[in-house]
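With the working numbering applied, the sequence shown corresponds to residues 8 to 677, in that order.
To be clear, the hints were calculated from the coordinates, so they are not data collected in a lab.
Even glycine gets a Cβ: it sits at the ideal position worked out from N, Cα and C.
Keep in mind that a hint or two might mislead.
[Unchecked claim] When the alpha-carbon atoms are kept at most 16 Å apart in a straight line, the in silico EDC-like pairs for lysine to aspartate or glutamate are as follows:
| id | residue 1 | residue 2 |
| --- | --- | --- |
| 1 | K380 | E671 |
| 2 | K582 | E671 |
| 3 | K422 | E555 |
| 4 | K121 | D145 |
| 5 | K472 | D436 |
| 6 | K537 | D579 |
| 7 | K147 | D215 |
| 8 | K117 | E85 |
| 9 | K307 | D346 |
| 10 | K363 | E344 |
| 11 | K615 | E285 |
| 12 | K316 | E292 |
| 13 | K31 | D69 |
| 14 | K208 | E244 |
| 15 | K452 | E522 |
| 16 | K615 | E584 |
[Said to hold, decoys possible] Taking CB as the label site, the calculated pair distances span:
| id | residue 1 | residue 2 | range |
| --- | --- | --- | --- |
| 17 | D633 | K380 | 14 to 22 Å |
| 18 | F500 | D397 | 27 to 35 Å |
| 19 | L322 | P377 | 31 to 39 Å |
| 20 | L674 | S239 | 21 to 29 Å |
| 21 | V677 | P75 | 46 to 54 Å |
| 22 | E601 | I91 | 32 to 40 Å |
| 23 | L674 | A82 | 54 to 62 Å |
| 24 | V677 | S46 | 25 to 33 Å |
| 25 | S467 | S528 | 35 to 43 Å |
| 26 | S239 | S564 | 35 to 43 Å |
| 27 | A82 | R118 | 23 to 31 Å |
| 28 | E601 | D440 | 40 to 48 Å |
| 29 | D668 | D300 | 17 to 25 Å |
| 30 | A163 | N358 | 13 to 21 Å |
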Amino acid sequence: MYRNAKTICQPDALLLRTYGHGLKFLRAQAEHIGKETTSLRTSGFEIVFPSMLNEAKVIGFDLPYGIPCWTEIFALREKKIKRIPVEMMHSVHTTMLYSLEALQEVVQWKRILKLQSRDGSFLSSPSATAAAYMNSGDAKCLEFLTYIIRRFQEYAPCQYPFDLLERIWAVDTIQRLGIDHYFKDEISDTINYVHMNIGEKGVSWGRDNPIPDVDDTCMALRLARLHGLPVSSEVLENFKDENGAFICFPGETHRGISDMFNLYRFSQISFPGEEILEVARPIIEQYLQKCVDNNQMDDKWSLKKALDKEVARALRYPWNMSLQKLEAREYINHYGENDVWIAKTIYRLYNVNNPKYLELAKLDYNRLQPMYKREIKSILKWWTGCGLNDPFVTRVHPKAAHLAIAATLSDPEFKECRIAYIKSTSIEDVLEDLFHKHDSISDLKLLSQAVKQWNPSLVSSLGLKVKVIFMGMYDTLNELAIQASNAQGRDVFPRLHELRMGRIQYYLKHREIREIKHFVSWNEYTENGKKDHGVAIRLLPAMFLMGEILPDNFLQSKMHEQLSLYLRLLTDVRKYENMMGAETTSPIHSYINEANCTEEEAISHVKKMTEDAFHELLKEYLKPRDYPHCRRLMFEHGRITRFFLGDNISSLLAQREKINDDLERLLSPV
Numbered sequence: 008m009y010r011n012a013k014t015i016c017q018p019d020a021l022l023l024r025t026y027g028h029g030l031k032f033l034r035a036q037a038e039h040i041g042k043e044t045t046s047l048r049t050s051g052f053e054i055v056f057p058s059m060l061n062e063a064k065v066i067g068f069d070l071p072y073g074i075p076c077w078t079e080i081f082a083l084r085e086k087k088i089k090r091i092p093v094e095m096m097h098s099v100h101t102t103m104l105y106s107l108e109a110l111q112e113v114v115q116w117k118r119i120l121k122l123q124s125r126d127g128s129f130l131s132s133p134s135a136t137a138a139a140y141m142n143s144g145d146a147k148c149l150e151f152l153t154y155i156i157r158r159f160q161e162y163a164p165c166q167y168p169f170d171l172l173e174r175i176w177a178v179d180t181i182q183r184l185g186i187d188h189y190f191k192d193e194i195s196d197t198i199n200y201v202h203m204n205i206g207e208k209g210v211s212w213g214r215d216n217p218i219p220d221v222d223d224t225c226m227a228l229r230l231a232r233l234h235g236l237p238v239s240s241e242v243l244e245n246f247k248d249e250n251g252a253f254i255c256f257p258g259e260t261h262r263g264i265s266d267m268f269n270l271y272r273f274s275q276i277s278f279p280g281e282e283i284l285e286v287a288r289p290i291i292e293q294y295l296q297k298c299v300d301n302n303q304m305d306d307k308w309s310l311k312k313a314l315d316k317e318v319a320r321a322l323r324y325p326w327n328m329s330l331q332k333l334e335a336r337e338y339i340n341h342y343g344e345n346d347v348w349i350a351k352t353i354y355r356l357y358n359v360n361n362p363k364y365l366e367l368a369k370l371d372y373n374r375l376q377p378m379y380k381r382e383i384k385s386i387l388k389w390w391t392g393c394g395l396n397d398p399f400v401t402r403v404h405p406k407a408a409h410l411a412i413a414a415t416l417s418d419p420e421f422k423e424c425r426i427a428y429i430k431s432t433s434i435e436d437v438l439e440d441l442f443h444k445h446d447s448i449s450d451l452k453l454l455s456q457a458v459k460q461w462n463p464s465l466v467s468s469l470g471l472k473v474k475v476i477f478m479g480m481y482d483t484l485n486e487l488a489i490q491a492s493n494a495q496g497r498d499v500f501p502r503l504h505e506l507r508m509g510r511i512q513y514y515l516k517h518r519e520i521r522e523i524k525h526f527v528s529w530n531e532y533t534e535n536g537k538k539d540h541g542v543a544i545r546l547l548p549a550m551f552l553m554g555e556i557l558p559d560n561f562l563q564s565k566m567h568e569q570l571s572l573y574l575r576l577l578t579d580v581r582k583y584e585n586m587m588g589a590e591t592t593s594p595i596h597s598y599i600n601e602a603n604c605t606e607e608e609a610i611s612h613v614k615k616m617t618e619d620a621f622h623e624l625l626k627e628y629l630k631p632r633d634y635p636h637c638r639r640l641m642f643e644h645g646r647i648t649r650f651f652l653g654d655n656i657s658s659l660l661a662q663r664e665k666i667n668d669d670l671e672r673l674l675s676p677v
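All chains should be modelled from the sequences, with the hints used to inform the complete structure.
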């Protein structure tokens, strides 16, 4: 399976001479080296392999030294040495230190010792350090080599330690498999350790390695930020070449799939004003999409089971519209428990790729299926009891929304929260649809009055549809208020009723504006967006049931304002695109008129505002604050809404079918 340069990178010369089959193997495989991409070669191969061939030629081995592909590798060696000349190699830390054993004829050993790492090694490489020791007799080199021998006894790894790389990738793997809730303390300790070792220039695979790489740096920054720790994206300036393009190592030219993928993932959680990430995101997205489309997915640092599918999935479902358990379901399929990593040799990281992780992930995922099904059964019973299962009353269906919140807050202790969330959001969807489509405004005004007085008798004269919807809303809010009051230790009905009245009045006002074709100014629109109570009435009943005692002013926060504004912008621009501008009272039309711009420019502007609002929301969410469960629900509600709105490329029908297929997979065991 791995018949390429990896398997022949560093054969021992004496063994090759002693055993003729070694030379036979090299002759047979010589041409294959030219058929593989440079990404499928071990680290430093273009430096080490020519050096080995020169030594073999001196010894007198009969090998095809002049074949074109080997000649090309010699040319690559010369090119790299010119890019990192000998004088530079002795002055600053470069990746050439990783391959000192192949540069012995040009290394000035006394000078090179000043570039040792703190642990006495040269870039954590035992072979490079051994070459330095044999030529200098340095005591620190010997100390490192002695430690390696005592630690590993009969063998030596190609590089050591891996303490940062292994920790970073282990945490990321555990989180993506959806089993991180079993290791909360361990993950917290690990992230703190990594955060403590983030240097001014970035992060390397080991704490004593002085040369950072963009892959581990972006992974470390992303994980630290998502755990509420302060990090700066400015460190990424160290990974730009003279043309401003991102590269893996400072001073190098290589950029690979994993490097750019983790840069893309970090860019998705940028904070407002982080220009370096804002500029990088579309460029890297385009690069990755091109690699996927052209099937150019060979990675420099690993042989993964399904890296192409991982990247394609991340491009299709960006982080701001991903649902945790649904992503875990996909990653379980993509995860390679036997994946191997590439350095000077092929190696494994058992704390990253481990069959036990996969076994636990499947068990954890499958244990939720019965719970999901019981909850759906309960919700459908409530829905039918309200009379809302009649298609002549409403087309809204609560099943998909339940699966979405279940994919987000899957913990069994949040069962009551999930049920309350789906009841509140489903009722809200029905009311919003009613006020948008119902023929009679007078009916809607009477319904609004009934809500204000909380008096069902006021709607007794209305049609069956309106009465069913009112009673469904009335009974559900009363039920949730009792449940929430018991959980909070105080009567919360007045607060919920106040929110219900406010939202109904908003729907009525919006309908009246539409009827008279009244335009709202753009400034008025954005200010009203921050005050929109739609978020509160959907979320507060569920928040009351999350085990946190909330103050009355909990939703009077910047996070609530940002979430409201984000959802307002997001839904309105998507609605405008879906209706192809047919709704003349759309705020997009207001912006076109006020800014005197084209439709395309207006949509682009509003989308940029939407993106900025999301990243401002993210920044607020990640600030260390009280009530973490409720804040999480607020943030995840934004991602759920984004998930259901899909993209503006597919048809509405195609989007709905894809969403339903994705959500149904939650009920399928792995």
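Going through the hints against the structure:
Distance hint between K380 and E671 is fulfilled; the C-alpha atoms sit about 11 Å from each other, no more than 16 Å. Simply put, K582 and E671 have alpha-carbon atoms about 25 Å apart, too far for the 16 Å limit, and the pair is violated. A threshold of 16 Å between alpha carbons decides the hint, and for K422 with E555 the separation of about 15 Å falls inside it, so the pair holds. A hinted pair counts as satisfied when its Cα atoms are at most 16 Å apart, and K121 with D145 qualifies at roughly 11 Å.
Restraint check for K472 and D436: the C-alpha separation of about 15 Å stays at or below 16 Å, so the hint holds. For the given pair, K537 sits about 14 Å from D579 by alpha-carbon distance, which is consistent with the 16 Å threshold. Between the alpha carbons of K147 and D215 the distance comes to roughly 14 Å, so the proposed pair stays at or under 16 Å and holds. About 24 Å separates the Cα atoms of K117 and E85, which puts this hinted pair outside 16 Å; it is violated.
Note on K307 and D346: the hinted pairing holds, with a Cα-Cα distance of about 13 Å set against a maximum of 16 Å. Of the supplied pair hints, the one linking K363 and E344 holds, its CA atoms being roughly 8 Å apart against a limit of 16 Å. For the hint linking K615 to E285, the alpha-carbon distance of about 11 Å falls within 16 Å, and the restraint holds. Distance check on the hinted pair: K316 and E292 sit about 15 Å apart at the alpha-carbon level, within 16 Å; holds.
Proposed proximity of K31 and D69 is supported: the alpha carbons are some 10 Å apart, at most 16 Å. Between K208 and E244 the alpha-carbon distance is near 9 Å, which keeps this suggested pair within the 16 Å criterion. Distance check on the hinted pair: K452 and E522 sit about 14 Å apart at the alpha-carbon level, within 16 Å; holds. With a C-alpha separation of about 15 Å, the suggested pair K615 and E584 falls inside the 16 Å cut-off, and the hint holds.
The hinted range of 14 to 22 Å is not satisfied by D633 and K380, whose Cβ atoms lie roughly 35 Å apart. The beta-carbon spacing between F500 and D397, approximately 28 Å, falls within the hinted interval of 27 to 35 Å. Distance hint for L322 and P377: a CB-CB separation of about 34 Å, consistent with the stated range 31 to 39 Å. Judged by the Cβ atoms, the range 21 to 29 Å given for L674 and S239 is violated: they are separated by roughly 43 Å.
For V677 and P75, the hinted distance range of 46 to 54 Å is satisfied, since their beta carbons lie about 48 Å from each other. Between E601 and I91 the CB atoms are about 56 Å apart, so this pair departs from the stated range of 32 to 40 Å. Between L674 and A82 the C-beta distance comes to about 57 Å, which sits within the given range of 54 to 62 Å. Taking the beta carbon of each, V677 and S46 are about 31 Å apart, inside 25 to 33 Å as hinted.
Distance hint check: the CB atoms of S467 and S528 are about 40 Å apart, consistent with the given range 35 to 43 Å. Range check, S239 to S564: Cβ separation about 26 Å, and the 35 to 43 Å hint is violated. The hinted window of 23 to 31 Å between A82 and R118 holds, with their beta carbons roughly 27 Å apart. The beta-carbon spacing between E601 and D440, approximately 30 Å, falls outside the hinted interval of 40 to 48 Å.
Remark: the range hint 17 to 25 Å for D668 to D300 is upheld by a beta-carbon distance near 23 Å. A hinted range of 13 to 21 Å for the beta carbons of A163 and N358 is consistent with their spacing of about 19 Å.
Of the numbered hints listed earlier, those contradicted by the structure are 2, 8, 17, 20, 22, 26 and 28.
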